[in-house]
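For chain S, the structure is supplied; the task is to place chain Y on it using the hints.
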Amino acid sequence: MNKVWMKIGIVQAVFVIGFGVAYICTSNADQVRLNSQLIGNIHTPNVEVPRTEPLRIPPLYDDPTVINDADLAAVLERIRPRFRFAELSPNFVEHALRVWTVDAKFDDQKMLSGSDMRDFLLDHAQFLEYWRETKNVEPLLVDRPQGIAIRWGRELGMSVHHDHTLACLTEAGVTLETPIFSPSQRNFTMKDLLLEALRDFRIDERETEWTAMAFGLWLAPQKQWYDAHGRIISFDLIAERLMRGQLDKGVCSGTHRVYSLMVLMRLDDDHALLSSKMRTEIDTHLQNVRDLIAASQFEDGHWPSNWHKGKKAIEEPKKDELKSKVIATGHHLEWLAIAPQKYHPPRDMVRKAARWCVENTVNKTNDEILDHYTFFSHVGNALAMWRSQQPHEFWQRHLQATDEDSNSDRSNK
Amino acid sequence: MNNNSAENREKPEEPGSNMPSTLVEPDAEIQESSLTDETTSGAEEIPSQLSDDDHVAPLADPSKLEDRIPAQFRTTKAFAFWTIGFSILYVLMSYQPLWHTDIWGHVAYGHVILETGTIPATEPFMPLAEGVRLIDTSWLSQIILAALEGSFSTAGLQFFYAFSVTACCLLIAGITVRLTGNQWFAITSLCLFTIMVWKAAFVIRPQLAGMVCFLMLIAATPPWKHSTLSLPSRFQWFLVPGIMCLWANLHGSFPVGLLYLGGLFAGRSVDKIVRTGNWAAVINDESLVRSFLVLQLSAVAVLLNPYGLALYVQVLTFGQNPNLADLTEWNTMTIEMYHGKVAAAMAVLLAVVYRWSPRRVSSSELLLLVGFGLLAVVTRRMLIWLAPVAALAFSVHGHAIWKRFLARRLTSNDIPESDPEERRGIWTACATGSVWCAFAYAPIGLMLLHGAGTPEQQAKRYVRSLGKGTPVAATEYLNTMKPRGLVFNSYEWGDYLLHAGPTDIQLFTTSHAHLVPPDVWNDYLRIARVGSNWNDRLDRYGIDTVIVDKPRRKSLIGKLKDSDDWKVAYEDRQAAILVRKDPIGVQKTEKAMNQ
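Going down the list, the protein sequences come from chains S and Y.
In terms of the working numbering, the first sequence opens at residue 1 and continues consecutively.
In terms of the working numbering, the second sequence opens at residue 1001 and continues consecutively.
With the rest of the complex left out, here is chain S:
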C-alpha cells in the first residue's frame, strides 16, 4: 500500500507542478482569459493611460483671409449653447462641449457653461434635471459590473454614436480624474469611462471614428494593446479600418473618418503611433481626399455630400438638403485646419468654403440653428480653428472688445 501512496504522491506533485508551471508560463493575456473563464472575471484590457490630461491637436493656421474676426464672432454667436431646457439632447451637449470646452463661461444665464455641459454628461443627477418630465427615459450613464459606459443609440436621451461622448469630453479637455456619478455609484472617474470604452470596443463595429480619436488622444504613444477578446488592436489597424471601403461610408458623409485619420497622423508626428507603411498609406489616402474635394467643390464654395465622386459630383449633382452641404463643408474645413498644407486644396477653395459657411450660418434663426445645432457646431469650430482660436477665449475677448467699444462710444458721445 505504501507503494500506492508513493505513486499517488508523485503523481499529485507532477500534477500540481505541471499546472503551476504552465500557469506561470502562460502569457498575461491568456491568464486573464483563463481567469475570466474559471472565476468569471470580466476581462478589461490592461492598458496603461500615460497621462491625466488628454493631448490636444492644435490648429496649424491663423488665416484671416479665410475668416475675419467679425465673421468668426458672428458665427460663434450663432452656435452658443443656448438649448431648450426640457429633454436636452446629449448629442447637442457633446457637440457644444467639444467646441466650447469645459472652460467656457457665458454671462448669459441661458447658456450652458462648459462645466454645466460636462456635468450634464457625467452626473446622472444633472441629467435627470433635464429629463425628469419625460417618462421611461433611460439614464445616459450605464452602470456595468466592470465599469461605467454611455448609453448610445437612436432613442431619446441617448448619445447618438458609440464613444462620441468620450471623444467630445476628451477634445473638451476633461481630465482623467474627473468624477462620474452614475445612477448607483459615485466612485467612477473619467478613467473608468475610458477603460470601459477600451473593453467594449470592436474594431469592426460600424463607427470607429470617435473611438479612434479618443484612444489616440489618451493612449499615445502606446501603439497597440489587447482588446477584451484577446485581439491585438493597433493604431495601424484602426487607421486601416478608417480608410476601408467607399469614402462616403461613414458618419457625416465619411468626413469624420478623414478627421480622425488626420488626428492620428498629427499624433504620429509627435508620438510615433503608426508604422511607416501605414503612414504612407494614410498619406496617399489623404492626398486622394484632397484631390477629390478639389474636384468636387461647387462654385458657391460648398462641398456636396457625394464629394467622394470628385468631378462627377458636379457633373451629376445630387439634390442635397442644406444640412448635408453644411455637414460636408463644415467638416472638411475642420480637418483641413489641422492638416499640413500638402493635404490642402488651393487656399481659394478654403476661403470660398469658409465664406459659404459664414453666409449660411449667420443668416439662420436661433430655431433653425438649434434644429441642426450639431452640424453648425462643426462650422463654428472649423472657422475658429482656421484662426487658431479657442472659441470660448475668442468669444470672451470679443465680448470685452465689444464692451470697450461701446464704452468708448458712450464716452465719446
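Watch out, some of these pointers could steer you wrong.
[As the list claims (entries may be wrong)] Calculated cross-link-like contacts (lysine to aspartate or glutamate; reagent style EDC-like; alpha-carbon spacing at most 16 Å):
1. S:Lys311 with S:Asp291
2. Y:Lys1581 with Y:Asp1564
3. Y:Lys1561 with Y:Glu1571
4. S:Lys312 with S:Asp248
5. S:Lys311 with Y:Asp1582
6. S:Lys7 with Y:Asp1285
7. S:Lys249 with Y:Asp1539
8. S:Lys323 with S:Asp371
9. S:Lys191 with S:Asp248
10. S:Lys3 with Y:Asp1285
11. S:Lys342 with S:Asp269
12. S:Lys135 with S:Glu155
13. S:Lys3 with Y:Glu1286
14. Y:Lys1199 with Y:Glu1336
15. S:Lys105 with S:Asp143
16. Y:Lys1077 with Y:Glu1421
17. S:Lys342 with S:Asp403
18. S:Lys110 with S:Asp143
19. Y:Lys1460 with Y:Glu1476
20. S:Lys249 with Y:Asp1536
21. Y:Lys1077 with Y:Asp1067
22. S:Lys7 with Y:Glu1286
23. S:Lys312 with Y:Asp1582
24. S:Lys352 with S:Asp269
I should point out that these hints are in silico values taken from the structure, not numbers from a laboratory.
Using the frame of chain S, we list chain Y on its own:
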C-alpha cells in the same frame, strides 16, 4: 520423390500443355530446390537428368510444399484476409477526391509554420481578422499535411486521408477481435462505425488524426475488461499520457480523450462501490487508483504543447464562439438529420443488445455512451466520438448474446472446440503482397516508384484529385484577373482560393470561422444571404470582386446581376465571379487623378 512428384512430372505431358520452356524451367528449379530431405524419400524415382523429350519440368503441388517462412513470420488466413481488406480500403481511400473546404487552410497554416519556423501568433491569412489571436490547435497535423503536400502534392494529402481512415478501421476491427475473438463482429463494428461517422469524420482534416488517437486510447484502455487487451500497468503509465500529448498537438479534440478516461474511472468507481458497498474500496483498488493517476498524468501531458495552459482555455471556450451557431456541423442534432437518424437507430440497437445481453453492463460504458450521446445531441459534430464506443458496445454485447444462443442451441458436443487457426507462410506472403500492392497502386506510391511525371501529368493528376465542389476553373480565372482589394468569397471556398488563387489575394473569410471577428461574420452572412443593407456592406468593406458558388448563393448572384453597379466577369455551372463596374479601389487611387 513421392507420388505427387510423379504426378507433377507427368503434368506437362498432358495434351494441350504447351507451356513455354522459358517459363517452366525456372519453376522446375524452384520446385527442385524446394524439396526437403523428408519429401525426397523417393528421390530415386526422379531421373537425375531430364531427357531431351522431358525438358519441360513438372510443377509441384504448392499445398505439399514445405513452409520455409520462419515460424514467427507466419500468419493466419484471417490475418491475410484482413490485410487484403485493409489494403483495398487504403487504395480506395487514396483515390478519394479531396474535400474542397478546410483542408487547404490547414495546409496553408502548415506551410507558414514550416517556412517561418514558428506558429503565427495572430491569424495570418484573413485581412479582416488581423490581430486576432491564433491558438493553433492542429499545428502538428498542419505541419504533417504541409510537408506531405509540399513533397507529393495532392497525393500526399490523399495518403494522409487514406492512412488515417485505414488506421481507424484497423483499430476498430482490432479492438473488436481482441474483445470478442470473432471476425464477424469485427466487421459489424466496422460497419456500424462507418455508418455513424460517414457524414462527419471521413473528410480530410486534422480531426482524423484525433480520431486515430481516440481509437488508440480505447485500444489501450477499453471500457470492457478482457485479459488479452489489458496492457501491463507499466505501459499504461506512459502510453496513455503519450497518446494524449500527441493528440493535444494534433487536434483540439483532445478533451474527448480526457472525458473518456474520466468516464472510465468514474464508472469503475461506481461499480466498485456498488459491489462492495464501501467507498473506501475505491482507494484500496490499485487498478482504480492507477486509472485516476493516469488520467491526471494525461491532463498534465496535454500541457506539453506550444501554448501550455492556453490550449485548455482555447478548446474549452471554443464552443462559445458565436459564429459556430451558423455552421450546420456545430448545430444541435435533430432527427431530421442523417446524424440524428443514425444516432437514433444506434440507440435502438444498443437498447436491444443491452436488454438481451448476458454480459454484465459496466457503469463505464453506460457513462460513456450517455455522456458522448448527450454531447452529440448538443453538437452533432460530436457524434463521431460516440461512434466507436457505440459500435464496440454493440459488438461486445452482441457477441455475448450470440455465444449464449450457440450454447443453448448446441450441445456441448456440437460446439466445436476452438482450434487456433493454422499459421502459414502463404498467408504472410499474401498479406505482404497486398500491402505492397496497396503501396504501389496508391497515388503516393506511384509517385515514389515512378516519379512525379511530366508537368502535364501532374496537372491532370492534381485536378483529378480534387473534389467536385472545388472551384478549379473559377480560381484559374481569378488568377488571370488578379483582383484588387478585398474579395468577397463563399466561406466554403476561402481555403482553396487561399491555396490556389492569386498569391496576394485578400479574402473576406476562410473556413476558420472561429477566427473571423463576429461583426465581420455577421456582415458575411448579411451579404451572402442578401440580408438588409447587403449592398451597403459591400460598399463599406470596399469589395470590388465577388466569387461565390451558384447553388448556394443564387439570390446574391441574382441581385448583383440586377444591380447597375456590378457585372459578371466569369460564370460556369459551379461558380460566378462578379466585379464592380466602378471599382472602389480605383476610385480611391485613380479617380481624382484622372479628373
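### Message
Under the constraints set out in the numbered hints, which ones does this structure not fulfil?
### Response
Violated hints: 9, 15, 17, 18, 24; rest satisfied.
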